[in-house]
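Assemble the complex: chain A is given as a structure, and chain B must be docked to it using the hints.
2 protein chains.
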Amino acid sequence: MADSYASHFGINNIPYGIASSSKRTAPQCATRIGDDIIFLAELAEYDSFKAISTPLSSIFRETTLNTFAALSKDIQSKVRVAIQEAHKSNLSKKCSESVKDVKLHLPVHIGDFTDYSASVNHVLNASEAVRGIREYPPAFHKYPVGYAGRCSSITVSGAPVRRPLGQFIEDYTVPKNNIIFGPSRGLDYELEVAAVIGKPVESGTYLNAKDADEHIFGLVLLNDWSARDIQGLEMNPLGPFNGKNFMTSITPWIVTLEALKPFEIPAPPRMQPVAEFMDDPKSINYNIQLEGQVLRNGTQSTTCKVGFETMYWTFRHMIAHHTIGGCGLRSGDLVASGTVSGDQKHEHGCLLELTNNGKVPITLSDESELRFLEDGDEVRYIGVVGDGSVGVGFGECVGVVKPARQL
Amino acid sequence: MADSYASHFGINNIPYGIASSSKRTAPQCATRIGDDIIFLAELAEYDSFKAISTPLSSIFRETTLNTFAALSKDIQSKVRVAIQEAHKSNLSKKCSESVKDVKLHLPVHIGDFTDYSASVNHVLNASEAVRGIREYPPAFHKYPVGYAGRCSSITVSGAPVRRPLGQFIEDYTVPKNNIIFGPSRGLDYELEVAAVIGKPVESGTYLNAKDADEHIFGLVLLNDWSARDIQGLEMNPLGPFNGKNFMTSITPWIVTLEALKPFEIPAPPRMQPVAEFMDDPKSINYNIQLEGQVLRNGTQSTTCKVGFETMYWTFRHMIAHHTIGGCGLRSGDLVASGTVSGDQKHEHGCLLELTNNGKVPITLSDESELRFLEDGDEVRYIGVVGDGSVGVGFGECVGVVKPARQL
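Chains A and B supply the protein sequences, listed in that same order. Okay, so the first sequence: first residue is 1 according to full-length UniProt numbering, each after it adds one. Okay, so the second sequence: first residue is 1 according to full-length UniProt numbering, each after it adds one.
For reference, chain A alone in the conformation it holds in the complex (with noise of 0.2 Å):
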C-alpha cells in the first residue's frame, strides 16, 4: 500500500483542505492529524469554537476555505489551537474518518493564478537548455518575473495528466524547420510551492514585501505540467500559454504559515539593490525539503532533492510586486513560485534543467532513458518541512502520464 503520509500531519501541522467520504457526501473544510481527517463544521459546533465568535460552524460547511482563508489572522490561530486541544481530548474523534475512507478536493476556489520564476539555477538553467547560454533575464535582479497561468486546469494531486496534442517545430536542432501537429514528445514537470492568498488585497492599494505575510493564507506543492515543445514555439513574444494551460497539478492540503514560522530560514543576499518596497530586511524562504521521483514500470528514480532555501525571491517579494501596479488579489488566489532548481544536477526541478532540453538524457533506476516524460511515467512530489521529523509537511503531489487523445 502507498505511502499515507502520516508522518507529514503531526500535531504541529493542522493543514486546511476540503473532504467528502461516503458518510459525508458534501465536500467540505477538512484537517488531517495522523490518519485521521477531522470535518471541521461538526467540530466547530464544540463550545472551545463557539467561544471564538466567528460563524465558524458554517464557514466550514462551505465546499471551498476560501471564506475561512480570508478571516485574520488571530482567528485562523484561535481555531488551530482549538483544533490541537479537541485532538489532545478525544474530542475530535466524533467528527474524524480515516484517510483511505476519504476524497480530497481542490481546496479553495482559485479566481486567478499566477506562476514566478524566483529561482537563480532555474533561470540560469533553463536559458542554457534552450538558448545555449546562462543568461538572466533582463528584469531578474530587480524583481521576480512572473506570468499569469489557466486557472479552469488547476486539478488536486491524483488526477492523471493526458499528454497534450499542439503545433511545434519538428526538430529544434535543425533551423527553420517545419512546424507540425500532434502529441507532445517534450512533456515535463516542473516542481513548485505556491502561496494561497488568505485576506485580499484590494485592487489599486499596494504592498510593501515586508508586510505582505499578512496575505497568505498557507503554502502548498504545485507541478506545472509543461511540453516543452508546444511551449518553445509560443513563448516569443507572448509567453506560456498550450505549453502550460493542459493541467496544473496541487496538494490538497494548505500548510499554513503559522505552521511554518519556526522554520523560516535565509533567503539568499540579493546580488543589486531593490525598490524601496521591495526592500524586506527579514527576507525569509521556509525550509521545505523537496523531493521529485518518476515512477516507470513498477521501479521509483529520485529525480531532483532540493531545499526551497534555495529561491532567490521570496513569496513576500512575489506579492509586493504583484500588486504594486494596482492589481488586487483575491482570497483563494494561487501564486507559484516557478521551478524549485539547486545549483547541483541532482537538485533540478524539471526536466529541461536535468535532461538539457531532453538533448542529455539521464539513466533511471530500471535502467531506462529519461529525457521527457513516457506515457505510463508517473511523477511523485514530496516536501516535507526541516528533517521530517518536526512532523509537518505536505505529503505528495502526484499524477500519471496517460496517451495522448485520438483525433
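Just so you know, these hints were derived from the structure itself, not from any lab. Possibly wrong hints are sitting among the right ones.
Pairs involving identical chains hold if they fit within one copy or between any two copies, as the list cannot separate such chains.
[To be verified] When the alpha-carbon atoms are kept at most 30 Å apart in a straight line, the in silico DSSO-like pairs for lysine-lysine are as follows:
#, residue 1, residue 2
1, K78, K199
2, K261, K176
3, K402, K100
4, K359, K282
5, K93, K78
6, K199, K103
7, K103, K261
8, K345, K103
9, K402, K210
10, K199, K23
11, K199, K402
Positioned in the frame of chain A, the structure of chain B alone reads:
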C-alpha cells in the same frame, strides 16, 4: 449630455447585461431596447417565456449571465424571439426602466481571461515599434498567439484607470540604461473585441475551428490598458504581466452571435496551410466597425477607425487553438482578439502602433501632442455593426486616466 447610443440597441440586437437600480437594488439579468432597460426575471414570468420550459425567471435573477450563457442556442433563440414579441406588444414596459436610472455591472463571472494577438497589422506594427523590424512571431501563420490575462482586474466600462506604478528602463533609447521605479510613462490603450464563452468545453476534449461557434455566447468590446514601459521590461521571457494586469475594461452589453450572424464577413485568406483542426472553410469575422477616441481638455479626437473584418484569426480559430491541448473552457470565460488594426495609420488600434512606441507623436484636435496617455485623458471606444443603420451595436467602452497613487 452624453450619447446614450440608443441607435445601437434596436429590436434586432437584444444584448444581455447585468443591471440594478434604486427600484431593483439586486443586480440581475437585463436586456436593452432603445433607451429602455428590461429586467428579464420579471419579464420571464409571462406565459410566452414559461412555454420555453426552462426556469428562466430564476436564471435571470442571478447576479451574472453565466447560467443563461451556458444554455443551448435553441433555448437562447426562443428567449430572443419572446423578448422581441414582448416588446412589440408593450408587455416589457412594466419591467423596464430608463437607461439613465440604471447601473450596469460586469455581465459575467470570468473564471479565465485569454488575450490573443490575432491581427496581422498589429503584430507587424508592434514588432516595428519595439524592435525596429516588421517580423511575424514564429508561430503566427499556424495559430493565434495568446497569453492568459488577469481576471480580478476586469471592470465594466466607466471605471477610471489609475496610472500604474512599476519598474522599467528609464530611457529605452540608451543601451543598458537604468531600471527605475515610478509611475508608468507609457500608458496605452488596446482596442479589442472579446468573445464570451457560452456552452462550456470540457477539459480533455477539443474543438475543430468550424464547430466553435456553438460555444460562443456573444461578443463585447474590450480595452486592454497597457503600460508599455513596464511591459517592455517583463516581456522576456514570460510575456505580459504587470504591464497589463492593472486593469481591463469591457462593455456592459454582450451582443449575441445570433444578432451578429446576418453580418458575417469573410476573414482574410490564409497565407499558409493550417492543421486540420484549425481548417475552417467558412472563415468568418463580423462586420463590426470600431472607432477609438481620445478626449483631452474637453476636446474629442478620433485616433482610430477600423473594421473587425481585418482580423487574420477568427474567434473560431482562437477557441479551437485554446482547446486542442486539453484546456477546458467554462461559461463566462473571456477570449479577446488582441488589438484590432488595419494597414492604414488611421486604423491603428493602440498608441504603440500609432506613435511608434511614443517616438512619433500625433497632434490631437486641441493641438496638443499625444505620445502616450496623460492623466485626465479619456479613452472612448465605440463599436457598431455595418453602417450603423441596422440597430445593432455595443455602445461604448470608456475610462478616464487618473494620476498614479502616491507612495
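Which hints, by number, does the structure contradict? 2, 4, 8 and 10
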